[in-house]
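Engineer: Below, each chain spelled out in residue letters.
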Amino acid sequence: MPRYLAGRFAQALLVLWAAYTVTFIILNVLPSDPITLQLSAGGADISQLTPAQLHDLKAHYGLDDPIVVQYFHHLWGALHFDFGMSLTQNVSVGSLISDKLPSTVTLTAVAVAVMLVFGLGIAFLATYVQWGPARTLLARLPAVGVSLPQFFVGLLLIQVFSFSLTWLPATGTDGWRSLVLPSITLALPGAAMLAQLLTRSLGDTWQEPYIVTARAKGLSRWTIQVRHALRNASLPALTLLGVLVGYTVVNAVVVETVFSRNGIGQLAQQAVLGQDVPVVQAIVLIAAGLFVVVNLLVDLLYSLLDPRVARAGRAA
Amino acid sequence: MTTSHRHRTRRRLAATAVSVLAAVSLAACGSGGSSGPGTSAAGGAQDGKPVPGGRLKIAFWSDFQACIDPNQVYWIESRSIDRNLADSLTDQDPKTGKIVPWLATSWTVNPDATSYTFKLRNDVTFSDGTKLDATAVKTAYDGLHDLGAKSTLGLTYLAGYKSTTVVDPFTVKVDFATPNAGFLQATSTTTTAILSPATYKETPEARCAGKIVGSGEFTLDSYSAGKSVKLTKRAGYAWPSSLITNKGEAYLDGIDVSYIAEDNVRVGSLTSGTIDIAWPRQPITSADQEVIKASGGTIQTRALPGIIGLLVPNVTAGRPLADLQVRKALYKALDLPSYAKTVYWDGYPVAKSSVTSTTPYAADQSAKLAYDPTGAGKLLDTAGWALGSDGYRHKDGKKLTLTFLTNAAGPGEQLVQDQLKKVGIDYQIKVVTAAQLTPTGNAGDWDLSGGYLTRADPSVLGSTLDQAVSKSYQAKYSQDPATGAKISALFAKGLSTVDPDKRAAAYQDLQDALIDNGVAFPLYDRLQTAGVSAKVHGFAWTSESFLRANDIWLSK
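Chains A and B, in that order, give the protein sequences. Per this note's numbering, the first sequence starts with residue 1, numbered consecutively. Per this note's numbering, the second sequence starts with residue 1001, numbered consecutively.
Be careful, since some hints might not be right.
[Stated by the list, open to error] Ranges between beta-carbon positions, derived for each pair:
1) B:Q1428 / A:W17: 39 to 49 Å
2) A:F9 / B:K1535: 53 to 63 Å
3) A:W17 / B:V1431: 50 to 60 Å
4) B:A1468 / A:H73: 38 to 48 Å
5) B:P1481 / A:S92: 37 to 47 Å
6) B:D1516 / A:P102: 51 to 61 Å
[Unchecked claim] With a Cα cut of at most 25 Å, we get these calculated SDA-like pairs of lysine to any residue:
7) B:K1471 / A:Y61
8) B:K1057 / A:S164
9) A:K58 / B:A1206
10) B:K1293 / A:F161
11) B:K1293 / A:Q159
12) A:K58 / B:D1142
13) B:K1119 / B:S1163
14) B:K1471 / A:H55
15) B:K1201 / A:G94
16) B:K1201 / A:H60
17) B:K1098 / B:K1493
18) B:K1486 / B:Q1508
19) B:K1556 / A:W167
20) B:K1057 / A:F163
21) B:K1471 / A:L54
22) B:K1471 / A:P51
23) A:K58 / B:K1201
24) B:K1535 / A:L165
25) B:K1230 / A:V91
Calculated from the structure, these hints are not laboratory results. Heads up, the beta-carbon is just placed ideally off N, CA and C, and yes, glycines get one too.
So here's chain A without its partners, still in its complex pose:
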């Protein structure tokens, strides 16, 4: 197991380095000079600067070094969680990220919890309930969830719960009340996908011979569902969850815009359009880090849920 862990960890680091390097190359290949970008954002032109002013600005942002030097300089900084200065916002990338990360992390954490509860709950009920129409309805419900665009759901929830009923705030990041609508909006597609997959795999598991054996032993439907079916059916769902957590961060861009939450999603959008290289790099690294960590966790959980996985790993 420790060898397996070390291998996975090294692999994770390699993924992070690759993500960083590829982003760096792509952003620097784009035909535009950050200083020009920054000035034109302010309506000024590079020609308005004296050579000395230009030199100062370039030195300030570390743009006067050769590109390879810049790469290693930034990489070294990134290893120390120092991502340099934002090109468009006059502050260090670190302070931008630490300002915006908490609200996004809270939002996505709550959304993933909501996703799990709804995804598991619907799949569980859809296979547990024995009344035909209810089973059909529950099994079809996720298809609706998957097909509703997130921004539409968000605006609908705002209209109903914020503007008409005035139960919950439509905007802002103050307190748990402002988390309810955005986290439901963010969780919806993931929950629906999870429910679809889990319903299917629970349904399949119920056809397995060992379930017949369990029933023959006189176990209740509840015990079979919880102790036997769910554990076996959850493996593919777990893989999907790993991917969904990643998507949640991506979808935060839309949800944060609709609900006026000032988080990483909004920052990412601005940074990409403004070609704010250091900010984009930091965000890509955070997102890659999240993917890597979640997938590592999923792999570890796999071996807990299904001992065959760990054994196969040892054999190899």
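Got chain A; can you put chain B on it based on the hints?
Structural biologist: Frame of chain A; chain B shown alone:
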């Protein structure tokens, strides 16, 4: 929620992405800063006796620049907040464009506009207790100049800045190396707001993040970039400009600013009473105006001064617009009244010149901009562009294609495409990201590009079109060398004198020349709109079309 409403909502949201994309180009609008005469849509006298108390909640659309320092920001929304935090030497009357006393009680300017002397009030203090005197003004102007490129507006406002001299404790002299006739107007802007001397000991970054102290009728409590701004009224404030009715402390206890990117959510927040003022960048759509009015609110409107929404041509030899006849045909092919009516609403002002109607010295050019598709056709025939069977014009086997470069195409571009198709011009819309706009523009592979800029002085046109001053791709490609020299001479003439009659004559000639030589194509006028709830009274615009909160009070 009706179906059409939903549909609109959806399109609106899709537009959000586009509008953020537009952010950087819109930022240009922030540059330049001044004001011009205009309709001050103040709530006014019918509101009754002001009641003190309450906090005003206002929502803007974005805090893209993430900076609150008046000396550094170009972002319109931040300047609106700053106007209520920090005072300037002078103020500008939104109705007449006249410069009036504020922190300075009087001033003199030498004839060639290189030396300005200001007499200051002696009863003004910053909110940290420091007295405002000649030394404080010198510290502030030197500090603004030291910001260099960090203050994109400051660069142009202080163009040619030499020094500020303390003449006596309440008299300062500002000297320029080259004539800067626009400087008096610049002293009325938020960009040249005077901050406390202690402020200039902070780093520019710290100032951006909120380490600023002004002498305004509000003080800055907290600023969280992109999230919120909180202002509290300054006790004992007693030095507003002569334009303000309320001579003392603000009626409001404070102002809470938030940022809501989605139009629909911002309007809904206004009508449901969560906010008191909804302040977007793009004009509020007529449908949303109806929604706001139905809830008892009002729509306040003021034309922004400065460069109008323009199309700027690329006249490089070999491209279709190198031919003056084709450019003349383009004027006739554009139907400006229907543009204003279709893209905005019935009654929206029609573009009449290269500067907006609220810019001082604006001259009506509408006779030269009249819609005449038949005339356009004739000109194009004469120029050798014959109508083909495909509905487009051709010459030497080449189709008459005009490529429009933009980073945010909207319905307006499609309307232009439609209008030009009627005379046989193929109008192609080339959309690039905000980051790619300048490089693509510099490369010159386009025929028309757009632009606008806010400042209540016609000299603002120079930042886009004067080849002697601006190295922007629009200045570079819009004029051949001979035309460029002619235009630059007119710009220089306008800046070299402070005499209003001479300036008026110079800028009349300039605006004529821009159209006669096909250098600029006015397309749409620019309005700042704000949705205001019924409980807000005394709403007022500055000459720069920013918020002026001195006279605002809330009914209980």
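Engineer: With reference to the structure, classify each hint as holding or not holding.
Structural biologist: Hints and how they fare:
1. B:Q1428 / A:W17: 39 to 49 Å: Cβ of Q1428 (chain B) to Cβ of W17 (chain A): about 42 Å, so the range 39 to 49 Å holds.
2. A:F9 / B:K1535: 53 to 63 Å: Because 60 Å falls inside the window, the suggested range holds.
3. A:W17 / B:V1431: 50 to 60 Å: violated (34 Å)
4. B:A1468 / A:H73: 38 to 48 Å: Hint holds: Cβ distance 40 Å, inside 38 to 48 Å.
5. B:P1481 / A:S92: 37 to 47 Å: holds (45 Å)
6. B:D1516 / A:P102: 51 to 61 Å: Holds - the Cβ-Cβ distance for D1516 (chain B) and P102 (chain A), about 59 Å, lies within 51 to 61 Å.
7. B:K1471 / A:Y61: Between K1471 (chain B) and Y61 (chain A) the Cα gap is close to 23 Å, so the pair holds against 25 Å.
8. B:K1057 / A:S164: Holds, at about 20 Å.
9. A:K58 / B:A1206: holds (20 Å)
10. B:K1293 / A:F161: holds (22 Å)
11. B:K1293 / A:Q159: Satisfied, since the Cα-Cα distance of roughly 18 Å is no more than 25 Å.
12. A:K58 / B:D1142: holds (23 Å)
13. B:K1119 / B:S1163: The hint holds at about 17 Å.
14. B:K1471 / A:H55: Holds. K1471 (chain B) to H55 (chain A) sits at ~18 Å (cutoff 25 Å).
15. B:K1201 / A:G94: holds (24 Å)
16. B:K1201 / A:H60: holds (19 Å)
17. B:K1098 / B:K1493: Distance of about 21 Å is within 25 Å: holds.
18. B:K1486 / B:Q1508: holds (14 Å)
19. B:K1556 / A:W167: Status holds; Cα separation ~23 Å.
20. B:K1057 / A:F163: Answer holds: K1057 (chain B) to F163 (chain A) is near 17 Å, not above 25 Å.
21. B:K1471 / A:L54: Holds, at about 15 Å.
22. B:K1471 / A:P51: holds (15 Å)
23. A:K58 / B:K1201: Status holds; Cα separation ~23 Å.
24. B:K1535 / A:L165: The hint holds at about 22 Å.
25. B:K1230 / A:V91: holds (21 Å)
This entry does not satisfy hint 3, going by the numbered hints stated previously; all others are met.
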